[in-house]
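> Using the sequences provided together with the hints, build the complete structure.
Listed below are the residues making up each chain.
2 protein chains.
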Amino acid sequence: MRARISPQKNYAAGVGPGDVMLGGAIGEVIRSNSPEYKPGDFVVSDLTFGWQDYAVISHSVVRRIDPDLAPLPCWLDFMGLNGLTAYIGLVESGGIRPGDTVLISAAAGSVGQIAGQIAKLTGCRAIAVTSSEEKIARCRELGYDAGINYRTEPDLAAAIAKECPDGIDVFFDNTAGPIHDAVLQNLATHARIIVCGTVALAETFGQPDIGPRFMRQILVARARIEGFLVLDYQHRYVEARTRLAEWNRAGKLQYQYDIADGLENTPNAFLRMLTSKNLGKQLVRVGPEA
Amino acid sequence: MRARISPQKNYAAGVGPGDVMLGGAIGEVIRSNSPEYKPGDFVVSDLTFGWQDYAVISHSVVRRIDPDLAPLPCWLDFMGLNGLTAYIGLVESGGIRPGDTVLISAAAGSVGQIAGQIAKLTGCRAIAVTSSEEKIARCRELGYDAGINYRTEPDLAAAIAKECPDGIDVFFDNTAGPIHDAVLQNLATHARIIVCGTVALAETFGQPDIGPRFMRQILVARARIEGFLVLDYQHRYVEARTRLAEWNRAGKLQYQYDIADGLENTPNAFLRMLTSKNLGKQLVRVGPEA
Chain A
1 MRARISPQKN YAAGVGPGDV MLGGAIGEVI RSNSPEYKPG DFVVSDLTFG WQDYAVISHS
61 VVRRIDPDLA PLPCWLDFMG LNGLTAYIGL VESGGIRPGD TVLISAAAGS VGQIAGQIAK
121 LTGCRAIAVT SSEEKIARCR ELGYDAGINY RTEPDLAAAI AKECPDGIDV FFDNTAGPIH
181 DAVLQNLATH ARIIVCGTVA LAETFGQPDI GPRFMRQILV ARARIEGFLV LDYQHRYVEA
241 RTRLAEWNRA GKLQYQYDIA DGLENTPNAF LRMLTSKNLG KQLVRVGPEA
Chain B
1 MRARISPQKN YAAGVGPGDV MLGGAIGEVI RSNSPEYKPG DFVVSDLTFG WQDYAVISHS
61 VVRRIDPDLA PLPCWLDFMG LNGLTAYIGL VESGGIRPGD TVLISAAAGS VGQIAGQIAK
121 LTGCRAIAVT SSEEKIARCR ELGYDAGINY RTEPDLAAAI AKECPDGIDV FFDNTAGPIH
181 DAVLQNLATH ARIIVCGTVA LAETFGQPDI GPRFMRQILV ARARIEGFLV LDYQHRYVEA
241 RTRLAEWNRA GKLQYQYDIA DGLENTPNAF LRMLTSKNLG KQLVRVGPEA
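Chain order of the listed sequences is A and B.
So that you can map any letter, position 62 of the first sequence is 62 in this note's numbering, and since no number is skipped, the others follow by simple counting.
So that you can map any letter, position 34 of the second sequence is 34 in this note's numbering, and since no number is skipped, the others follow by simple counting.
Warning: the hint list may mix true and false statements.
Claimed, not checked - Some chain A residues close to chain B (C-beta under 7 Å, calculated; not the full set):
id, residue
1, A176
2, P178
3, R216
4, R224
5, L229
Claimed, not checked - Pairwise CB distance ranges (calculated):
id, chain 1, residue 1, chain 2, residue 2, range
6, B, D166, A, A55, 30 to 38 Å
7, B, I210, A, G99, 31 to 39 Å
8, B, D155, A, L274, 30 to 38 Å
9, A, P98, B, R151, 43 to 51 Å
10, A, V56, B, D166, 35 to 43 Å
11, A, R140, B, K162, 50 to 58 Å
12, B, R97, A, L121, 31 to 39 Å
It is worth saying that the hints were derived from the structure and are not from the lab.
Where a beta carbon is used, it is the ideal one built from N, C-alpha and C, also for glycine.
Listed below in structure tokens is the structure:
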């Protein structure tokens with residue numbers, strides 16, 4: 001969403017001033033001209049509802065929610081784009097294997113909370129990098145083996161080296177920036193780096209990001225860095241959702257939301273997320289229930 | 001070889017002062033205690049002869065040369081590590097497909113000359129980036145569609161954009177540094193970058209390489225950067241050599257050597273290669289024929 005309001009080139013069309021901001025939502029059908037849906041049904045769309053209390057929307061861009069598969073808000077969490085991103089990113093782009101050391105940045109965020117649990121469920125060692133002791137504690141509850149606070153650690157590369165003396169096999173990179181730099185000095189041979197987000201670069205506003213580069217480390221480790229966008233993998237969504245719902249029903253996949261109330265609090269909730277103040281998936285309750 | 005005399009961490013053991021410098025060679029058997037070889041046989045080793053006129057060497061580290069498959073010096077060129085690097089790098093790490101735009105840095109070098117021809121033989125468009133008009137002319141003789149002189153081009157990223165308006169699908173990166181930077185501003189969606197060499201960083205001597213970074217471009221293009229070392233693909237050597245020899249016998253694969261004479265000229269030949277003065281694979285003739 002941050003990228004969509006940026007004027008920079010991106011993987012999706014931008015949102016201009018005056019447009020309705022794009023965003024996913026779970027909605028209750030109030031009125032329907034489609035024979036497929038009736039009032040009271042719940043539907044979800046990852047992108048097209050927008051930031052608004054009510055939406056008129058085509059039946060072709062929503063999916064019916066099956067509440068037996070997972071509880072309602074889960075369809076914007078581990079059953080939504082962030083769960084799919086965590087699962088497909090680790091499995092497909094990261095190629096995680098049992099025994100891998102997997103480091104996840106923004107580990108207490110909506111993708112990171114699920115990614116860490118998937119890493120553990122796959123038999124990996126999972127290392128959280130996050131921004132507070134509270135978030136590290138939350139990551140440990142989720143099963144992460146260790147947590148590193150990048151805000152208080154004076155030498156992040158050294159802290160990672162101490163925690164992961166054999167190097168990082170898979171790096172789920174949600175931030176770019178200094179955390180990325182620290183991990184690239186700790187690559188295991190044939191490391192895989194999933195470039196999923198670059199939130200640490202959010203404030204560069206199109207200016208070049210200047211800093212140390214690591215081509216030699218990439219060559220020596222024969223590492224792979226790959227830009228990952230979950231929307232490229234829609235053919236894998238059913239497989240991913242089935243697996244995630246199974247883990248959840250078996251009690252192996254926890255989830256957590258951070259719910260704000262009211263449409264007017266949406267920009268603030270968005271900023272809280274960008275400044276690491278949320279715990280778990282940031283949601284906003286809108287419409288008559290807010 | 002440059003990396004082996006550097007004290008930095010590397011993918012292979014280093015060579016210390018006083019050690020024999022490692023290097024591949026073609027040798028004629030003068031005396032043999034092995035029933036597999038007799039005087040007059042020709043053998044090749046990619047690494048273990050070393051910089052010396054004569055070598056005592058185990059039969060287990062050499063391969064017999066079949067002169068019917070390709071002429072003698074070719075076994076250090078397209079039938080040797082540089083041909084294998086070009087072929088396996090493009091096919092395996094680069095995943096080249098007909099119609100791809102393939103940009104190759106150090107395009108007139110020993111790997112680049114072969115890589116450009118393989119790109120053309122695979123149905124790709126091949127763009128050379130090299131250091132002189134003479135080398136661009138040589139690349140055109142080899143079949144490259146276009147050449148860019150990085151030493152005289154005032155804005156390399158713009159020159160690449162002009163030559164490749166739809167972006168680069170595959171980048172065979174032999175240099176890192178400013179050429180890498182220019183290409184990363186011109187990535188096609190799902191671009192693949194083969195990090196094969198970092199010769200532009202040769203003089204940093206372990207200091208960090210500071211400059212613009214391109215994580216956002218990698219994410220937006222969903223590009224893949226991969227460190228590539230041909231020694232990881234020994235199981236593919238027979239397939240690669242068979243294909244390369246077939247192309248050569250069919251008159252479709254040209255080769256060129258730059259031969260210096262005498263062991264005492266080896267360091268100088270090595271420096272010529274590092275400073276882009278050679279044309280084609282740099283070889284040194286040693287022993288009684290030098």
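> How does the Cβ-Cβ distance of P98 (chain A) and R151 (chain B) compare with 43 to 51 Å: does it lie in that range?
Once the Cβ atoms are compared, 50 Å apart, the range 43 to 51 Å for R151 (chain B) and P98 (chain A) holds.
> At the C-beta level, are D155 (chain B) and L274 (chain A) separated by a distance inside 30 to 38 Å?
With Cβ atoms ~34 Å apart, the hint holds.
> Could you check if P178 (chain A) really has its C-beta closer than 7 Å to a C-beta on chain B?
violated (11 Å)
> Given a hint of 31 to 39 Å, does the C-beta separation of I210 (chain B) and G99 (chain A) actually sit inside it?
Given a distance of about 35 Å, which is inside 31 to 39 Å, the answer is holds.
> Taking the least C-beta to C-beta distance, is A176 (chain A) closer than 7 Å to chain B?
Result: holds, 4 Å to nearest chain B Cβ.
> Measuring from beta carbon to beta carbon, are V56 (chain A) and D166 (chain B) in 35 to 43 Å?
38 Å Cβ-Cβ, so the 35 to 43 Å window holds.
> Interface hint check: R216 (chain A), Cβ to nearest Cβ on chain B, cutoff 7 Å. Holds or violated?
holds (5 Å)
> A closest beta-carbon separation below 7 Å is what the hint needs, so does R224 (chain A) meet it against chain B?
Constraint on R224 (chain A) satisfied, holds at 4 Å.
> Confirm or reject the claim that R140 (chain A) and K162 (chain B) have a C-beta distance inside 50 to 58 Å.
holds (53 Å)
> Quick one: are D166 (chain B) and A55 (chain A) within 30 to 38 Å, going by C-beta?
The hinted range 30 to 38 Å holds for D166 (chain B) and A55 (chain A), with Cβ atoms some 37 Å apart.
> Given the hint of 31 to 39 Å, check if R97 (chain B) and L121 (chain A) actually sit that far apart at their C-beta atoms.
Check passed, 35 Å falls within 31 to 39 Å.
> Interface hint check: L229 (chain A), Cβ to nearest Cβ on chain B, cutoff 7 Å. Holds or violated?
Given a least distance of 5 Å, the restraint on L229 (chain A) holds.
Consistency with the previously given hints fails for number 2 only.
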